[in-house]
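*Asks:* Take my numbering: the final residue in the first sequence is number 851, and no numbers are missing along the way.
Derived from the structure by calculation, the hints contain no laboratory data. All of these numbers come straight from a predicted model, not from anything done at the bench. Among the hints, erroneous ones may be present.
[What the hints assert, rightly or not] Subject to a maximum C-alpha distance of 25 Å in a straight line, what follows is the list of computed BS3-like cross-link-like pairs (lysine-lysine): (1) K702 x K10; (2) K644 x K10; (3) K702 x K644.
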Amino acid sequence: MSSSPSVPEKPALEGLEDKWTRRWDEAGVYRFDRSADRAGVYAIDTPPPTVSGSLHVGHVFSYTHTDVIARFQRMRGRAVFYPMGWDDNGLPTERRVQNYFGVRCDPSLPYDPAFAAPATPPKPPVSVSRPNFIELCTALTAEDEKAFEHLWRHLGLSVDWSLTYATIGRHAQRLSQLAFLRLLASGRAYQIEAPTLWDIDFRTAVAQAELEDRETPGAYYRVRFATRDGGHVDIETTRPELIPACVALVAHPDDARYRALVGREVLTPVFGVPVPVVAHPLADPEKGSGIAMICTFGDLTDVTWWRELSLPVRAVIGPSGTFRPVVWGSDGWPSVAPASAQSAYDSIAGLPAAKARARTVDLLRESGALQGDPRPITHHVKFYEKGDRPLEIVTSRQWFIRTMDIRDQLVERGRQITWTPAHMRTRYENWVNGLNGDWCISRQRFFGVPFPVWYRVGADGTPDYSACCVADVSRLPVDPSTDVPEGFAPSQRGVPGGFVGDPDVMDTWATSSLTPFIVCGWETDPDLWRRTFPMDLRPQAHDIIRTWLFSTVLRAHLAEDSLPWTHAAISGWVLDPDRKKMSKSKGNVVTPMGLLEEHGSDAVRYWAARGGPGVDTAFDVGQMKVGRRLAIKLLNASKFVLSKTEPAGPVTEALDRGMLQELAALVDSATRHLEAYDYAAALRETEEFFWRFCDDYIELVKRRRAGDDTAAASAATASQLALDVMLRLLAPFLPYVTEEVWSWWREGSVHRAAWPTAAELGALVGPAPDERDAIALVHAREVTALIRQERSTHKWGFAKPLRVRFHLADRREPAWDAIERDILAGNNVTSHTVTFGAAEDAVHIELADPA
RNA sequence: GGGCGGUUAGCUCAGUGGUAGAGCACCGGCCUUACACGCCGGCUGUCACAGGUUCGAAUCCUGUACCGCCCACCA
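Could you put the whole structure together from the sequences, leaning on the hints where they help?
*Replies:* This is how it looks when you write it as structure tokens:
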């Protein structure tokens with residue numbers, strides 16, 4: 001203990017953020033100690049926020065939770081490995097850069113080293129090469145990242161800011177490509193031309209994890225197909241425009257109504273295409289008329305039927321979502337009436353789906369095939385989560401990671417992770433068990449990690465996708481749109497006998513899934529890797545269990561046969577007062593910086609930390625005010641405790657020892673809670689103790705402490721000891737105010753101080769706690785409460801005699817400050833003067849046993 | 001349709017078998033040399049509903065309702 005605290009005259013919260021953020025940075029308080037071994041490290045796989053968006057209060061909420069855990073672990077002596085990433089990869093950044101600079105990416109263009117962004121966005125946008133486009137993305141996101149870092153620092157995240165990464169950065173690109181090449185070599189990654197979910201506006205494939213269902217108005221159309229014997233069969237469809245793409249009708253094998261029809265042919269209306277009637281168990285006799293048309297492709301069930309029944313492909317919708325030209329007749333698609341099929345189709349060719357539907361319905365009505373009126377319905381339609389129009393299924397060449405065959409292993413991995421809260425594991429298992437295809441990782445976009453492969457161009461000028469040249473690992477990262485494969489010259493790009501680069505980029509999750517690899521130095525820094533992997537904690541929100549969490553588990557399983565981390569802490573959402581998730585679209589987002597400035601970072605952190613792990617929590621300014629009050633109270637109480645540190649001496653008084661016993665119990669309990677990631681419970685108990693300490697304990701002992709005897713020394717010593725411990729208990733939650741107070745009388749940072757232990761308190765108080773000390777405190781509080789109550793009820797002024805009847809029903813003794821010694825010594829105390837506040841009340845205590 | 005959470009004071013939430021709690025809000029009192037950004041006191045409940053287990057249920061079981069979320073559902 002240092003001897004002379006230097007306490008400001010008027011302690012205040014204002015300015016603490018700037019002051020301490022700067023000093024922490026200068027002193028390297030949160031720097032990762034690279035000499036620690038794996039057991040001594042606590043490694044956190046921080047979620048990299050999307051920098052093209054803006055941080056909202058939900059980020060502040062969940063990142064605070066992680067920071068509390070990080071600070072706790074640091075104080076417990078772990079070398080905390082706490083990096084920060086920026087997710088600048090992917091579509092959101094692309095869109096922002098396009099608008100900001102007025103550019104469009106054209107991957108066919110060569111890199112222009114002299115290119116500079118126009119001062120004002122030109123119209124129409126200029127076309128730039130992919131490397132140039134990526135440079136612009138990098139430049140713009142660098143600005144965003146500065147603003148994000150500033151906010152995080154202001155909030156007090158104890159991140160090691162020398163450990164930052166960007167998901168589009170060179171290092172992340174290199175590891176993404178390297179990990180991909182490993183998967184390719186092991187056969188886990190493959191490419192195939194196949195029907196894929198496709199967004200017609202972004203013109204890219206999307207993965208199952210990026211889908212969402214939206215309720216959409218539609219209608220059932222009842223459409224008549226002619227049988228070859230002059231009869232007919234009716235189907236119901238919501239997508240009549242796909243009739244030209246119909247390749248079969250399907251009924252359930254057990255459906256007696258259609259059994260006779262199976263194996264026969266029918267003719268599609270308008271187009272006169274002979275198609276077979278087939279049977280498949282997925283056909284639902286309850287839906288529509290019980291018999292459905294199979295089109296290439298209306299939905300994923302169509303894909304299943306098409307694959308399992310070996311049907312032909314007659315695709316009508318192209319990558320842009322419009323109906324592509326089709327030739328009918330002997331040189332093209334089959335029809336019993338090619339001429340009328342051609343003229344009918346020509347009237348829908350070039351149209352987008354919605355317009356083609358209207359036109360097709362007209363055609364059906366004219367031909368008499370439309371039965372009755374359309375029946376309006378609302379149904380759920382699959383959308384890309386960032387898209388505006390329904391997904392189509394378009395056949396294209398895509399890269400996949402094979403996952404369907406290892407779903408059991410992935411479920412098992414999930415069981416090896418400790419989940420907070422535990423029920424979040426169920427979400428993971430539901431997702432893994434519900435997977436219906438391998439992970440499509442290629443996107444037809446630009447700002448992303450390219451696939452490090454090229455293809456030979458055949459003599460006819462078309463790429464041969466089976467002749468794939470991969471980049472040498474030493475060259476990674478490469479951009480095949482600019483870089484040239486080994487053994488070729490740049491002039492051979494795109495010419496017969498030459499090469500062409502893979503034009504696609506990876507799904508953003510294909511990079512994000514590697515965050516543990518990126519930060520821990522997979523394949524690049526074996527020493528760091530050994531000290532940090534597998535990591536300890538993945539904090540994240542529950543809406544990305546199916547994407548980020550799942551894909552990270554998958555990648556670690558495939559690449560390292562390991563868990564990526566041992567613990568997943570799933571945070572809840574911040575809800576607005578209407579119990580809806582706070583979001584920008586609802587216009588109820590509060591800017592985080594404004595909050596931090598208005599209430600103070602400690603106060604906002606207090607609100608966040610009160611939201612339990614995984615619990616959706618209401619946005620509540622009231623709680624921030626409570627947090628601010630707590631921080632101010634801590635300043636003032638500390639000032640009072642430190643206003644009298646003399647005389648020094650051992651803790652001899654029962655009341656003081658009882659208080660420290662309670663504190664020791666609190667330390668144990670708070671530690672247990674934090675070990676179990678229940679920071680909210682730890683904060684609640686600590687806060688409760690602190691207020692009791694202020695309102696009861698300090699009031700009880702302040703008069704005694706004012707003296708200069710051993711009893712005064714006892715109070716002074718115990719108060720300081722308690723303050724020291726409370727500061728450390730609160731440090732993970734209120735890093736600024738605790739650090740400020742710590743600096744008044746302690747060396748170094750409280751955030752590097754040792755987490756308190758009950759044993760440490762025991763050592764200072766003395767061995768073998770006497771339970772009578774704890775009882776003394778309890779009774780002192782009870783008597784105090786009685787006095788306060790009496791005085792309030794009877795509106796007594798000060799210095800007036802107070803009569804208290806105190807019953808010893810449970811054989812316990814009342815005790816209170818100076819009285820306690822007499823009572824504990826067995827003296828027959830009947831009257832005593834006690835102090836409350838600055839005044840004195842004469843209290844007469846009658847010891848009476850009602851029994 | 002399948003699954004997971006939740007429902008406790010006006011509000012925000014603790015409370016996993018033993019007399020219903022905290023903070024905020026509200027009402028009343030107090031400038032008491034750490035703090036009026038403070039202190040003291042008080043009011044406030046069919047623990048969603050219905051059954052069951054138990055000496056005893058907010059807590060365990062079954063069912064229902066409502067709120068939220070995840071997944072499935074395009075014929």
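*Asks:* The structure should be examined with respect to each hint, and the outcome stated for every one.
*Replies:* These are the hints, each one checked on the structure:
{"no.": "1", "hint": "K702 x K10", "result": "holds (20 Å)"}
{"no.": "2", "hint": "K644 x K10", "result": "holds (17 Å)"}
{"no.": "3", "hint": "K702 x K644", "result": "holds (10 Å)"}
Checked against the numbered hints above, the structure violates none of them.
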